[in-house]
Amino acid sequence: MDFSFTTKEEEFRLELRAWLEGNLPEGWLEGISNVSKDEGEYAVSLRNWQRKLYEGGWAAIAWPKKYGGREATLMEEIVYQQEMVRVKAPALVNYVGIHMVGPTLMQIGTDEQKAKYIQKILTGEEVWCQGYSEPNAGSDLSAIQTSAVKDGDRWIINGQKVWTSFGHLADRCFLLARTNRFDKKHKGITVFLLDMNQPGVETRPIIQMDGQHDFNEVYLNDAIAYDAEIVGEVDEGWKVTIALLMHERTGIGAQVFTLEQQFNELVGLAKELKEDDKPLLGNPLVRHTMVDLYTRSRGSLLNYYRNLTKTLKNGHPGAEGSMDKLMVSELTKELLSQSISLQGHKGVLWKEDAISSNSYWQDNYLYSFGQTIGGGTSEIQKNTIGERILGLPKDMGR
Amino acid sequence: MDFSLNQEQEMFRGYVRKYLDGAGQTKTARAYIEGETGSLRALLSGLAELGCTSINISEDYGGMGLGPLDLIPVLEETGRSLLPGLYLETNALAVPLLEKFGTEEQKGRYLAEIAAGTKTFSLAWLEPGGSYGPFGINLEARSLNGQLILSGVKTMVPDAELADHYIVLVRTGKGNRNEGITLVIVDRNETNLTLESQKNIDETRQLSALAFNDVEIPMGQVLGAMHQGWDALQEGLLSFNAALSAVIVGCMEKVVEMAAEYAKIREQFGQPIGRFQAIKHRIVDMKMDLETARSLAYYANWALESGAEDRVQAISCARIFATKAFVRISSDNIQIHGGIGFTEEIDCHLFVKRARFYENYLGSTEQYYKQAATALGW
Chain G
35 MDFSFTTKEE EFRLELRAWL EGNLPEGWLE GISNVSKDEG EYAVSLRNWQ
85 RKLYEGGWAA IAWPKKYGGR EATLMEEIVY QQEMVRVKAP ALVNYVGIHM
135 VGPTLMQIGT DEQKAKYIQK ILTGEEVWCQ GYSEPNAGSD LSAIQTSAVK
185 DGDRWIINGQ KVWTSFGHLA DRCFLLARTN RFDKKHKGIT VFLLDMNQPG
235 VETRPIIQMD GQHDFNEVYL NDAIAYDAEI VGEVDEGWKV TIALLMHERT
285 GIGAQVFTLE QQFNELVGLA KELKEDDKPL LGNPLVRHTM VDLYTRSRGS
335 LLNYYRNLTK TLKNGHPGAE GSMDKLMVSE LTKELLSQSI SLQGHKGVLW
385 KEDAISSNSY WQDNYLYSFG QTIGGGTSEI QKNTIGERIL GLPKDMGR
Chain H
611 MDFSLNQEQE MFRGYVRKYL DGAGQTKTAR AYIEGETGSL RALLSGLAEL
661 GCTSINISED YGGMGLGPLD LIPVLEETGR SLLPGLYLET NALAVPLLEK
711 FGTEEQKGRY LAEIAAGTKT FSLAWLEPGG SYGPFGINLE ARSLNGQLIL
761 SGVKTMVPDA ELADHYIVLV RTGKGNRNEG ITLVIVDRNE TNLTLESQKN
811 IDETRQLSAL AFNDVEIPMG QVLGAMHQGW DALQEGLLSF NAALSAVIVG
861 CMEKVVEMAA EYAKIREQFG QPIGRFQAIK HRIVDMKMDL ETARSLAYYA
911 NWALESGAED RVQAISCARI FATKAFVRIS SDNIQIHGGI GFTEEIDCHL
961 FVKRARFYEN YLGSTEQYYK QAATALGW
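These protein sequence lines are chains G and H, in that order. Numbered by the working numbering, the letters in the first sequence go through residues 35 to 432 in order. Numbered by the working numbering, the letters in the second sequence go through residues 611 to 988 in order.
Hints in this document: simulated from the structure, not taken from any laboratory. Possibly wrong hints are sitting among the right ones.
Sample of chain G residues with no beta-carbon within 10 angstroms of chain H, all distances over it, derived [as the list claims (entries may be wrong)]: (1) N82; (2) E89; (3) K154; (4) G172; (5) Q194; (6) L336; (7) R340.
Here are the simulated lysine-lysine pairs, DSS-like style, with alpha carbons at most 27 angstroms apart [stated by the list, open to error]: (8) G:K347 with G:K273; (9) G:K219 with H:K874; (10) H:K874 with G:K312.
Here the structure is a predicted model, which means the values were calculated and not measured. Note that the Cβ used here is the ideal one computed from N, Cα and C, for glycine as well.
In isolation and in its complexed conformation, chain G is listed as follows (with noise of 0.2 angstroms):
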């Protein structure tokens, strides 16, 4: 057993670091972030921030050189994201072009796609979105709904799409639609690389239990697609879809991270609360509480480990993401809630008002719901474990 990182793993995290230093906003290491309010202003931050990462060499590590990666290893993309949970460094708002579509085109796109789309993903000037979700088809994507028709040299789209993160500020988007039918589930459907700035596509704002807004619905009319734009083979996109999804290949590790680092900060919180002078943290029952969630953060950052020692060894990751992705999104959201917890009446207090600075707890303590359903929901994870790893049978209907 070997826990440790190369040197060369170890140079790397220090040439990141002092990048970072560098070159975040000002203020940002000092925790004074200038987050703006305005949706508007916030969205070009945000592009300005990949920029400046492309600028840096430092958008799409794990990409081939020729395409402007480094070709990082799967240990330098783990040193990345810790570095990056370490900073909070500010969102990656073309997520979805780095790891999914830029490396599923260099995959399977043709040349011309390519050509037109990938270097435009690394440097942010196009940003993408994922067209997967419908108000029918969450979990089961199979049952998607809308359509594209054939039209001469083109497509014509209707339907709507929900759940669509950064759809708002994306360029371009990732689209299921379906091509036939007659055929049923996983075939007849097609991948679209589809224009978001065209008259048939709205982008309506879904505002989140915590008050912000990353989700949208998108409501396509009469939108167009032309042929050049289909990944694959048209009828055949689950294919393609499955192909992205492995791009995906060192998952939940941010999450792991955070997790990680968020336990450490209620530490400081039950430290900094005090019960007739005294902290929290020296009541019994708290510290009770505290042990058990520092096992099982230090359990899923282990099983992590073992299950990333596994994709080490086989060169591609295995049903084991899924028990990762369980246990952490559900973990996180215990932890959170149980920030709120500790901080007595007092943890309702939001925004401005909260006791932590930038209602850290509080905003992230609604944001966890979201966690156990994005992604694929803990119900789907334990599927996907029950089947694939303990070879139960599926579900009734499936």
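Since the structure of chain G is already known, use the hints to place chain H on it.
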């Protein structure tokens, strides 16, 4: 990054698994419940022939000179089959204590025999008050003419009848907390020592009360420094608890396998019950507990072997999680099995009973919570 057992360790696991499978897994434990100890003794000497008993003993005393991580495969496999006996107590508690605190004479006398599989150790700790704390140690050891005279009672001594020697916690002086307690090695067939067996809910393990009626032992039987036994014991318990976590991982692995296999074959409403999410998701939760216990146990043993800074919290947490999760999932296993799970016929109940046996074994869960919190600097 490499968080896995190495090839040799996994290969060795294969040999042990094959051997225990050949013996019918829990068949030996069931025979032991019926009072038949012959097959257990045969099985244990077979394991010794495979090398299981010599793994972590120095080469000077006929061992392989390997570490805690190399014990894991054997510990897990003995857990899978609920093997009775004192392998854990001997190899993961007595051996590290002897290696670290034993005199040359003691090492020469005991380690070679343990390596050969001919001697086993148990621990005589609890007294009628039932406290695992230092205040609970009242068995008196008086010095007289270069000897120690022991008088008092120990209870719930594990597998006392199978043990050749006991490590006994005795009081050699007044003292606060950690002082005045000494570890001594006592032979089972010492005169003035009587055994009385106690009924155990886990019938695959025996418990006995030991009465010491002026048992005389030479000073050479003191393990470690006089009056400093409590601190020495804590060192030994780190090894023990890291190892116990690995045994429990083996038990839990078998429990999850049982539940999943049963859910595939048992049909209700015309379907295997594993199709129903109420069942499927419960088994997945069990599997999550298993893998988390495994990660924590492997790390604990790595931390022990490498002397990592966080080893005390790593080991306490592994023990806490494993003992609690084992109770939880072995109970769930009965629920998954339904009526048959409640019977003596199927192994489910044996795992529940073993889980309860381990829950507060050689230290209470609450004490380990405190130990973890203190180690974390809280």
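Hints, one by one, checked against the model:
no.	hint	in the structure
1	N82	34 angstroms, holds
2	E89	30 angstroms, holds
3	K154	34 angstroms, holds
4	G172	16 angstroms, holds
5	Q194	28 angstroms, holds
6	L336	4 angstroms, violated
7	R340	5 angstroms, violated
8	G:K347 with G:K273	25 angstroms, holds
9	G:K219 with H:K874	26 angstroms, holds
10	H:K874 with G:K312	54 angstroms, violated
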